[in-house]
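Student: Sequence:
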Amino acid sequence: MARKGKMYDRTIDSKHLHESITIKIYEPEQFDSLYEHNVIIMQDGDDYFHLGRIATVSDRLHDQFDIVNATFVGIPYKDRFDRWKKYHPNGEQFNAYKAFLHDEVVPLIDELLPLNPLGTIRTLLGDSLGGTVSLLLALDYPNMFQRVVMQSPYVDENVIAAVNRFDNIVEPQIFHTYGLAEIDVPTTKMGRLNFVKPNEQLAGLLSETFASYEKLVNPEGNHTWKYWQKELPDLLVKALNA
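Residue numbers (the working numbering): 1 to 242.
What the hints contain is simulated information worked out from the structure, not anything from laboratory work.
Careful: at least some of the hints might be erroneous.
[Unchecked claim] Capping the alpha-carbon separation at 16 angstroms, the derived lysine to aspartate or glutamate pairs in EDC-like fashion look like this:
no., residue 1, residue 2
1, K15, D79
2, K85, D184
3, K189, E214
4, K98, E19
5, K189, D79
6, K78, D63
7, K189, D103
8, K15, D156
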């Protein structure tokens, strides 16, 4: 089936990361000027396009009028070690990656999209470590990133500390999913980890801290795209209409 939207690439010569990064952008078939733009910036961008089938999901949800004016932006990673360097709070390029999104990706997307008097709502989307960096970015820049959708995020003391430190009057909306079968997850540098307990701790803290927080717990969900892809359409409808 042919795509209805428009897919194209743009390459950013990043001053923060000292490399060229090609991002993928998927715009809807048409824009409705009665609604704001929704820009969803995806960590693990190629995974969301291929394993998450985000272009197909976008076409279907727009056709059903479940979402409107949603543009999906995918940020790729080279390999799992590059991903760790950029997404993990202790990664060598973590702060540079956050600056790359804030200073280089967002201004580019704003230039590419048609002008809309109602403005733009930006959502950060990511799975596992991609969910981690999405949350921490939104806590740093809640005026720029109004929503976070994180699927099975990695949670450590850095994440808990960042939530505890948050004191901005502007709060992001946070949507948080994880599965109860995520008890023995292989990781890049830390062996096998239980993701359930840290996510339960994070959920308790987020529900106490943020006025707009919602979690979805899958009793059978594990740390794979089999479950992340299935929950993605309903999750997007919920988040983008909040």
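Student: Hint by hint, note whether the structure agrees.
Tutor: Right, here's what the structure says about each hint:
{"no.": "1", "hint": "K15 - D79", "result": "21 angstroms, violated"}
{"no.": "2", "hint": "K85 - D184", "result": "22 angstroms, violated"}
{"no.": "3", "hint": "K189 - E214", "result": "30 angstroms, violated"}
{"no.": "4", "hint": "K98 - E19", "result": "14 angstroms, holds"}
{"no.": "5", "hint": "K189 - D79", "result": "13 angstroms, holds"}
{"no.": "6", "hint": "K78 - D63", "result": "33 angstroms, violated"}
{"no.": "7", "hint": "K189 - D103", "result": "29 angstroms, violated"}
{"no.": "8", "hint": "K15 - D156", "result": "29 angstroms, violated"}
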